[in-house]
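Participant: Chain residues, written in single-letter form:
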Amino acid sequence: MRPVADRDSAEWWRRTAAGEFVLQRCDSCATPRFPTRAYCHRCRTREWHWEPVAPAGRVESWIVSHQPFLAGVSEPYTVVMVRLDEAPECVMYGNWRGAEPPVAGLPVRACFRKVDEELSLIDWRPLG
Amino acid sequence: MGGFRDRTAVAGVGYTRFSKDSGVSTLTLACEAVLAALDDAGLTADDVDGIATHRVGDSAAPALVGPALGIHEPSWYLDQFGGGSVSHSVVGQAALAVAAGVAETVVCYRAINARSEFRMGGTGRGLPVSPEVQYQAPYGYFAPPQQYAMFARAHMSRYGTRPEHFGALAVVQRANAAKNPRALMRTPITLDDYLASRWIAEPFRLLDCCLETDGACALVVTSAERAADLRRPPVLISAAAWGGGDSFLSGGRADTTVTSAAELAPRLYRQAGIGPADVDVAEIYDCFTYSVIVQLEDYGFCAKGEGGPYVASGAVAPGGELPVNTHGGFLSEGYVHGVNHIAEAVSQLRGDAGERQVAGAEVALSTAQPGYILPATSALILRKG
Ligand SMILES: [Zn+2]
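Here the protein sequences line up with chains A and Z, keeping their order.
Residue numbers for the first sequence follow the working numbering, beginning at 1 and rising by one.
Residue numbers for the second sequence follow the working numbering, beginning at 1001 and rising by one.
No lab work stands behind these hints, which were simulated from the structure alone.
Just so we're clear, the structure is a prediction, and the values are computed from it rather than from any experiment.
Built from N, CA and C at the ideal position, the CB exists for glycine as well.
Wrong hints could be hidden among the right ones.
[What the hints assert, rightly or not] Beyond 12 Å from chain Z on every Cβ pair, some chain A residues (computed):
(1) Ser28
(2) Arg46
(3) Pro55
(4) Leu127
[To be verified] Covered stretches of chain A, going by a simulated chain Z footprint (3 or more residues, C-beta under 8 Å):
(5) 4–10
(6) 14–27
(7) 30–36
(8) 58–69
(9) 94–105
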């Protein structure tokens, strides 16, 4: 299923399609934020910049989905929730690209999955 | 504090039959449940001046139900967008309207064809309207059982919560449903049945998940003074609370094993002037087994991380220190998006719950979805009048 970008997120998706792993960083208090949006939830200002961060994190949790919820998808598949190393208050989701099942706390690295020129998704695999 | 403590009451409850295919519109279901609730209270639609519901674009609005029942001059209405997290807020808002004198007799309903027409998160249904969905759905992650499974797994990893803990709850709730003539699933199950049920989204099996139900449930909210003169024993609304400021995705809430209910609970108890130890029976939002376990912790019935062992100890079974979901809950009675939990609490406090009656029940807690999907949540404390 293709993501439906909005006015807050379109630029993030464009950068992701270009292979950049970026978050917003608040100019005023340096709080990182993801998903993308205009205001910093901590200091409520709206000046910010894109900042590349290490495409690395740890597995916060995961599921193995068996029930067919979407047409054209083959089950089972694994979805991980990853807490980013350089922005521990931010989590990202993605599909699991490891040979072994994930475990909580496992260090992981992002891998880009190019869908087409306009869209890349981010999956995760074990570090190393 | 105190606010509107005990100033309003639930004076009537009404149900339609629960089924997997009602064969009728949600408007018809809403009208049937509302009329049944009014009849229970000894009132008619002529007495109604307020109408409220919550829905997600899947059901008849108050502006349809009012005209359909000849409610000529509603002085207050509420068409609350939202799912299970707002179910109890609707009754809270009705109580506010009555306490403020804006309305005298409010009907709150939820009518849903959640199996035959609009399956939550089901195939063919549109995705929820939230910007966060774009970061999840491309990975095949968007259905409520998947989202709850993700948080359940975090709790298992952190605290050692086990499938047997989830299963113990499913077994208790099914046994409760066996004593409830309204319940859709009344055949008792064992822990082995639970463990043998098929995977939906690991760590959740089929028997961790709520039913998908067609049906409606309605409540009549009026002043405590007026309720005392009506047909049934009044059940007072001691506290209603709204909560949920921080979400897991926004960066505001880092601990995936704590819900918005943890911040709401102290306000709720303070408003009612009680603590968790005073609660005799709890009807807790059970979209999935885990949602009960985390709420037992966040509402203060056991320590963080102890929800699983607390359930497995038998504490939540009939005769335990806190009987939970005495009607069978969403897992076994039916899924009416929270309103059937409030209705069961009313029944317990009236003392008319038949075979499943908790002896001497005087105070009940009932809760909404605790804020795992969007952060909003809500809850009520009800008291025998
Ligand atoms: Zn800031």
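Participant: A separate judgement is required for each hint: does it hold in the structure or not?
Facilitator: Tested hints:
no., hint, result
1, Ser28, "holds, 15 Å"
2, Arg46, "holds, 15 Å"
3, Pro55, "holds, 15 Å"
4, Leu127, "holds, 18 Å"
5, 4–10, "holds (count 5)"
6, 14–27, "violated (count 0)"
7, 30–36, "holds (count 5)"
8, 58–69, "holds (count 10)"
9, 94–105, "holds (count 5)"
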